[in-house]
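Just so you know, the protein sequences line up as chains Z and G, in that order. Going letter by letter, the first sequence gives residues 1 to 373 in UniProt numbering. Going letter by letter, the second sequence gives residues 1 to 373 in UniProt numbering.
Keep in mind the hints are simulated off the structure, nothing from the lab. Among the clues, some could well be false.
Copies of the same chain look alike in the list, so a pair counts if it works inside one copy or between any two.
Stated by the list, open to error - In silico lysine to any residue, SDA-like type, Cα no more than 25 Å apart, as pairs:
| id | residue 1 | residue 2 |
| --- | --- | --- |
| 1 | K121 | I230 |
| 2 | K339 | R311 |
| 3 | K235 | A116 |
| 4 | K294 | I281 |
| 5 | K121 | K266 |
| 6 | K266 | R197 |
| 7 | K77 | Q368 |
| 8 | K84 | S187 |
| 9 | K162 | L202 |
| 10 | K162 | I230 |
| 11 | K82 | Q59 |
| 12 | K121 | E247 |
| 13 | K85 | S184 |
| 14 | K162 | R200 |
As the structure is a prediction and not an experimental result, all values here were calculated from the model.
2 protein chains.
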Amino acid sequence: GWVRSIRAQKEVLFLHLNDGSCLAHLQVVGTPDMGSSDLSYGSAVAVEGRLFPSAHPGQDVEFHADRLEVIGSCNAKEFPFKAKKRHTMEYSRQFPHLRARTNSFAALLRIRSQAASAIHKFFQDEGYIEVHTPVISSNDCEGAGELFQVEQISQDSGKDTKHFFDVPAFLTVSGQLQLEVMASALSRVYVFGPTFRAERSLGRRHLSEFYMVEAELAFTQQQEDVMEVIEMMVKQPTEQILALCPEDLHLFYKFVSPGHREVVEKILTSRFIRMTYTEAIQILTKNSENFQFKPEWGHDLQKEHERHLVRHCGSVPVFVTDFPKELKPFYARDNDDDKTVAAFDLLVPEVGELFGGSLREERLEILQDRLDR
Amino acid sequence: GWVRSIRAQKEVLFLHLNDGSCLAHLQVVGTPDMGSSDLSYGSAVAVEGRLFPSAHPGQDVEFHADRLEVIGSCNAKEFPFKAKKRHTMEYSRQFPHLRARTNSFAALLRIRSQAASAIHKFFQDEGYIEVHTPVISSNDCEGAGELFQVEQISQDSGKDTKHFFDVPAFLTVSGQLQLEVMASALSRVYVFGPTFRAERSLGRRHLSEFYMVEAELAFTQQQEDVMEVIEMMVKQPTEQILALCPEDLHLFYKFVSPGHREVVEKILTSRFIRMTYTEAIQILTKNSENFQFKPEWGHDLQKEHERHLVRHCGSVPVFVTDFPKELKPFYARDNDDDKTVAAFDLLVPEVGELFGGSLREERLEILQDRLDR
Numbered sequence: 001g002w003v004r005s006i007r008a009q010k011e012v013l014f015l016h017l018n019d020g021s022c023l024a025h026l027q028v029v030g031t032p033d034m035g036s037s038d039l040s041y042g043s044a045v046a047v048e049g050r051l052f053p054s055a056h057p058g059q060d061v062e063f064h065a066d067r068l069e070v071i072g073s074c075n076a077k078e079f080p081f082k083a084k085k086r087h088t089m090e091y092s093r094q095f096p097h098l099r100a101r102t103n104s105f106a107a108l109l110r111i112r113s114q115a116a117s118a119i120h121k122f123f124q125d126e127g128y129i130e131v132h133t134p135v136i137s138s139n140d141c142e143g144a145g146e147l148f149q150v151e152q153i154s155q156d157s158g159k160d161t162k163h164f165f166d167v168p169a170f171l172t173v174s175g176q177l178q179l180e181v182m183a184s185a186l187s188r189v190y191v192f193g194p195t196f197r198a199e200r201s202l203g204r205r206h207l208s209e210f211y212m213v214e215a216e217l218a219f220t221q222q223q224e225d226v227m228e229v230i231e232m233m234v235k236q237p238t239e240q241i242l243a244l245c246p247e248d249l250h251l252f253y254k255f256v257s258p259g260h261r262e263v264v265e266k267i268l269t270s271r272f273i274r275m276t277y278t279e280a281i282q283i284l285t286k287n288s289e290n291f292q293f294k295p296e297w298g299h300d301l302q303k304e305h306e307r308h309l310v311r312h313c314g315s316v317p318v319f320v321t322d323f324p325k326e327l328k329p330f331y332a333r334d335n336d337d338d339k340t341v342a343a344f345d346l347l348v349p350e351v352g353e354l355f356g357g358s359l360r361e362e363r364l365e366i367l368q369d370r371l372d373r
Numbered sequence: 001g002w003v004r005s006i007r008a009q010k011e012v013l014f015l016h017l018n019d020g021s022c023l024a025h026l027q028v029v030g031t032p033d034m035g036s037s038d039l040s041y042g043s044a045v046a047v048e049g050r051l052f053p054s055a056h057p058g059q060d061v062e063f064h065a066d067r068l069e070v071i072g073s074c075n076a077k078e079f080p081f082k083a084k085k086r087h088t089m090e091y092s093r094q095f096p097h098l099r100a101r102t103n104s105f106a107a108l109l110r111i112r113s114q115a116a117s118a119i120h121k122f123f124q125d126e127g128y129i130e131v132h133t134p135v136i137s138s139n140d141c142e143g144a145g146e147l148f149q150v151e152q153i154s155q156d157s158g159k160d161t162k163h164f165f166d167v168p169a170f171l172t173v174s175g176q177l178q179l180e181v182m183a184s185a186l187s188r189v190y191v192f193g194p195t196f197r198a199e200r201s202l203g204r205r206h207l208s209e210f211y212m213v214e215a216e217l218a219f220t221q222q223q224e225d226v227m228e229v230i231e232m233m234v235k236q237p238t239e240q241i242l243a244l245c246p247e248d249l250h251l252f253y254k255f256v257s258p259g260h261r262e263v264v265e266k267i268l269t270s271r272f273i274r275m276t277y278t279e280a281i282q283i284l285t286k287n288s289e290n291f292q293f294k295p296e297w298g299h300d301l302q303k304e305h306e307r308h309l310v311r312h313c314g315s316v317p318v319f320v321t322d323f324p325k326e327l328k329p330f331y332a333r334d335n336d337d338d339k340t341v342a343a344f345d346l347l348v349p350e351v352g353e354l355f356g357g358s359l360r361e362e363r364l365e366i367l368q369d370r371l372d373r
């Protein structure tokens, strides 16, 4: 492990070691002669000895060292992180090769790993088949501007005129088309992988590369079939993370996002609200004077509208269903009213829109009619 | 589910339905009046009724239909796949939007999904933390020619001179650098994700986009520490797939790769062989006359050499260790003989090299000396 603190006393040497497997340090009890100039904060050590139950209230066990060897020294003065000091994320990100040695970054990586595992577990338990949809794709789902294009590096100084794949190729923005094909044979499929957007935005809500969950279900009949899956897909992995990473989460509750524990508990213990887009507009209209953008039927919900709806629902996640057809893609299934479609967004506290979904229009004549326009 | 066969008798209508969740069809027993012109091979149907234990030896259960509705019709004449006919992979690949409806393709997708899940399970059970190493990277690990470059599509007709990320960006060929950083804080990390090579080769052994497992362990002392992990990582997921997908695997043993069952069983029941590169060259030299390329110490192993070594070992996977330092990357740890490094390849039957690995040189002065050259 790596040394997190050293306390040398007359008769005894105390070390805190951490190997990144959890937040807690292991208390190592050694003899003063084990100390050396190489044994410093940040150094890597190998220790032999035995584990004992600890009388100390803050720890279950302690390790009594018979032998200690410094296997990687560390110049504590030049090392950017200091013992028992909290560093800001802005500071840590200057040292991408070392920041995983900080408590907050290591905790984040452990939680992310558990979260990924929990999402896979949810889908596998529900009988979904994972499909590795391609990252390189010739299909430009959502219009051209936000795509990354992929080409082999040109070997000579001139530009290659021919594409590597014969056609222009892009980084995927969605595996939906591939999943729809697979769902028409395997019934339940999902992908959880990297997705790309070439948006020139440095905001908190945009990344060039991010991980996204997409799933397709065959034989659905109503929006509720899909919303039920999404509600479980939010709750079950969250519960698993709470159960498996309590110390790491506590670190974030304490130092990074105070109050977030209550937000998460409310999400887990509440049934998510369902309301139609039309109902949502009615609620928003009553609060019109407080918005920069006036809520109006047929216009998309603005961030301020989403925030108000979640507050209105008591900070419980809310599915807004049955959007006007102009606001949703052509493949969303027409409702009988001829104005709305069976498509919804899930709005959650602090984030806003977290998921979107729809029934897919399966009636061939309606689809053809729409494509002809 | 989707109709796989229809047998209409005077008093009774038999259907085989499949929903892609497994290879076996569900036998549905209905009444003749449920038949219609829409009820054809390939159509999607909704059936209501009850499940009964079946007296028929080929199936555990059968479904007695009270109501049957065709929810998606299929023109069986135009549908490219025919009932009870085996189609070649070459034929199926002309219909990427429908081939998942064939037994072999659906079985392959189910096995792949289980394999991915088993690999994650292995690493999570062993205390590894999954790290989503970036797909877009400015680092060109292995030289420039085989990289894909990534840029935003230029918005105007002229070429953008500025890069989207300020520096040239590529699709990752390896997450090793990021993992090494993480292992120096979290001890055990892995990635299982898409990887890219822009090789203009259409052979069986080259793909532009493929999934790769990489792992880094801190505090290793010998090659055996790493080889032990790899051996378990091959065996445990394989056992899980054998346990969870027996019918799907049987399909491949029977129709696609006869004899493969014995190959797999041998791999699972044998301890993998370990031999040094020097020993391997001695074995190969005794068989020199049968090779196109003469085996010689200091030269890389050719495909024909790998095949011979695996045969020599009784078709058991073999780790070839301690390669000459010129054949392995600069970061492989020097052995004391000053000629070889602690780096190895795993050779397996039919495939050849499946894994490579090394101890990383941790002695700063040796690394600096090597970089200075």
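Verification of the supplied hints:
Proximity of K121 and I230 under a CA criterion of 25 Å is satisfied in both settings, with 14 Å inside one chain copy and 23 Å between copies. For the identical chains of this complex, K339 and R311 are neighbours neither inside a copy (28 Å) nor across copies (69 Å), given an alpha-carbon limit of 25 Å. Taking identical chains as interchangeable, the C-alpha atoms of K235 and A116 lie at most 25 Å apart whether they share a chain (14 Å) or sit on different chains (23 Å). Proximity of K294 to I281 under the C-alpha cut-off of 25 Å is restricted to the intra-copy arrangement: shortest distance 10 Å within a copy versus 78 Å between copies.
Taking the closest pair of Cα atoms, K121 and K266 come within 25 Å of each other only inside a single copy of the chain (23 Å); across copies the shortest separation is 30 Å, beyond that limit. Neither within a single protomer nor between protomers do K266 and R197 lie at most 25 Å apart by alpha-carbon distance, with minima of 32 Å and 46 Å respectively. Proximity of K77 and Q368 under a CA criterion of 25 Å is satisfied inter-copy only: 22 Å between copies versus 70 Å inside one chain copy. Taking the shortest alpha-carbon separations for K84 and S187, only the inter-copy value of 21 Å comes in at or below 25 Å, while the best intra-copy value is 53 Å.
In the homo-oligomer, the alpha carbons of K162 and L202 lie at most 25 Å apart only across protomers (17 Å), although the nearest pairing inside one protomer, at 33 Å, exceeds that limit. Within a single copy, K162 and I230 get their C-alpha atoms no closer than 43 Å, and across copies no closer than 41 Å, so neither meets the 25 Å cut-off. For the identical chains of this complex, K82 and Q59 are intra-copy neighbours only, at 23 Å inside a copy versus 67 Å across copies, given an alpha-carbon limit of 25 Å. Both within a single protomer and between protomers do K121 and E247 lie at most 25 Å apart by alpha-carbon distance, with minima of 22 Å and 22 Å respectively.
Taking identical chains as interchangeable, the C-alpha atoms of K85 and S184 lie at most 25 Å apart only when they sit on different chains, with a minimum of 20 Å there against 55 Å within one chain. Taking the closest pair of Cα atoms, K162 and R200 come within 25 Å of each other only across two copies (13 Å); inside a single copy the shortest separation is 27 Å, beyond that limit.
In summary, the numbered hints that this structure violates are 2, 6, 10.
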